[in-house]
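Enquirer: These are the residues of each chain, in order.
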Amino acid sequence: MLELFGTEINLGPIWLTLEVASMTTVVLIVLGTPLAWWMAKMRSSNKVLLEALIALPLVLPPTVLGFYLLIIFNPTGQVAEVLRWFGFEGQLTFSKTGLVVASVFYSLPFAVQPLMHAFEAIPQKLLDAAATMRASVLDRFFTIVVPLSQRGFLVAATLTFAHTVGEFGVVLMVGGNIPGETRMVSLAIFDHVESMEYDQAHILSAMMLIFSLTVLMLVYGLNRRFGVKIG
Amino acid sequence: MQKTFNNSAVMNGHLKLKLGSFELNSGEFTLPLQGVTVLFGRSGSGKSSLLRAISGLDESVSGHLEVNGQVWQNDQQTLAPQARNIGFVFQDAALFPHMTVRQNLMYGLKRLPKKVAKISDSEFMEIVTRVGVADKLDRAVTFLSGGERQRVAIGRALLCRPDLLCMDEPLSALDWRAKSQMLSLIEELVDAYKIPLLYITHTPAEVERLADRIVFMHEGSIETIETLQQALARADSPLFDEHGAVSVLVGQPEAIEEGMRPIRMGTEKLWLSDNSVFSKATVRVRVVARDVSIALSNPKDLSIINHLQATVTELIPEGENRLLVRLQLEDGQKLFSEVTNYSAQRLNLQIGLSVFALIKSVAVAE
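Protein sequences, first through last, are from chains E and V.
Here the first sequence is numbered in my numbering, starting from 2 and rising by one per residue.
Here the second sequence is numbered in my numbering, starting from -7 and rising by one per residue.
Because the hints were derived from the structure by calculation, they are not lab data.
Treat each hint with caution, since some may be false.
If you only want the chain E side, here are some residues facing chain V, beta carbon under 7 angstroms, derived [claimed, not checked]:
1. Arg44
2. Ala122
3. Leu127
4. Asp129
5. Ala130
6. Thr133
7. Met134
8. Arg135
9. Ala136
10. Pro148
11. Leu149
Keep in mind the model is a prediction, meaning the values are calculated, not measured.
Quick reminder that beta carbons are idealized off the backbone N, C-alpha and C, glycines included.
In isolation and in its complexed conformation, chain E is listed as follows (with noise of 0.2 angstroms):
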């Protein structure tokens, strides 16, 4: 709990935000930097499907996904009973894990575009110079295509997360509104409104306006000083 101009706030949800945040980010930079590559090496007319399929989220309402999500994450499903087949014993939906599961998918264009444009700005003769002097795959990746996609890594990084704190209807989905488990910020906002109680909701949505437009003047003075391509 903290006070703030008289009136308290209870951090929780913050802390929760930051956490389901910092971890879809993370694991979209692990997943999406594979998937981004190979769809930036791409040249057959799949890549149109598999674009359109990834920018999905962009246009597709927040409930549908999240409905969708929660079917397949049914604890009773398929899915879950290939999960316990792996080992995992916990449920997804109404779970923090499950909120981590869907924001990847819900940021998912959100890591993905920015990394793929980035590594299609990459000409191909720089990585065949590479491999001419004795530069693995795996070492080309790393001495070539990450220092010269830093700005491409830092902005998918950067509205992954951002993306991720500002989710709603996905989270409301998939997570529900368990205090503590998965009630994030935007869901706390939603529930101050509803028990009339505007102070808490000025506060918490100030610090969301504020971060957001912090976030984005951030991404479009990357954008502009390096000419980063985002979306």
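Using the hints, position chain V against chain E.
Expert: Using the frame of chain E, we list chain V on its own:
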């Protein structure tokens, strides 16, 4: 630098690749791995594709390739480019933009396999000095001129201790002055390090200056592989452009006399007005057939200084009223002269006739 391939080393193979509407199908080929082999052909003839296929840079290449007895590619396996011990110089240098000149040069050096001898600091300095970038080591590569970038690229390739050097039109982005300096550098390096070089160009003058043998490419296939002298002996050689037939004479430069540079060929001398310093023991001199006139006696009062004794060995009709005359010089070298039919009749040119070849202008092949 040690030499890995012996004199009998060859590359043989047959490489195929389909890229959209373009198809590379080299046909069976065998190339000796010594000196300079030029891949020559128009743009779109498949020179670059073949060189990339040889280097293993295109994964979709099929066929087979053996180099000095080692399999680089067959139906079962393909050796990755990083295992082929090649140095590759790209058309636009392909330097790593996020690294300094030194870091670019060190990239391959740091990845030398254990079984290959290390490159000592003094050897590093020797190579970077020779390619002419020793004073630019700590610059960012983005601030280099086109010529400097190519020098770094060549140094970088040499520092990998390659068994084979590949260059894909390394001069095409340079102005004429940088071009001529780079050609001298490449010549010098081939001479000094004895690394076989595969060199792509579509400029005949570069071929005449560098090539020991030429791979003529046309529409994705290898047409013929010839030595430079064989290629220049053909009256219809693809090396002859709008200036007509060309001959390349080889001689030994001697000390400058009266502002002129004598080039010794057998007992005769060819005089060059070009006073540049020659580091090589032999130079190639390029003579355009249209600059060679024929006289039956040795004229004394003439501004042309180069008069060489020769024998007519062949008369080849060129178009309606011109004749390409193949001459043999005293030391056996061949020289083309292009004359009109009218002149040929007036002089009564016949095979076996002793004449004097008057050469209006000569240039060191550039």
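Enquirer: Hints first: check each against the structure and report whether it holds.
Expert: Hint check:
1. Arg44: Hint violated; Arg44(E) Cβ to chain V Cβ min 10 angstroms, cut 7 angstroms.
2. Ala122: violated, 11 angstroms
3. Leu127: holds, 6 angstroms
4. Asp129: holds, 5 angstroms
5. Ala130: Hint on Ala130(E): holds, closest Cβ of chain V at ~4 angstroms, below 7 angstroms.
6. Thr133: holds, 4 angstroms
7. Met134: holds, 3 angstroms
8. Arg135: Status holds, d = 4 angstroms.
9. Ala136: Since chain V brings a Cβ to about 6 angstroms from Ala136(E), closer than 7 angstroms, the hint holds.
10. Pro148: holds, 5 angstroms
11. Leu149: Leu149(E) check passes; min Cβ-Cβ to chain V is 6 angstroms, inside 7 angstroms.
Checked against the numbered hints listed earlier, the structure breaks hints 1 and 2; every other hint is satisfied.
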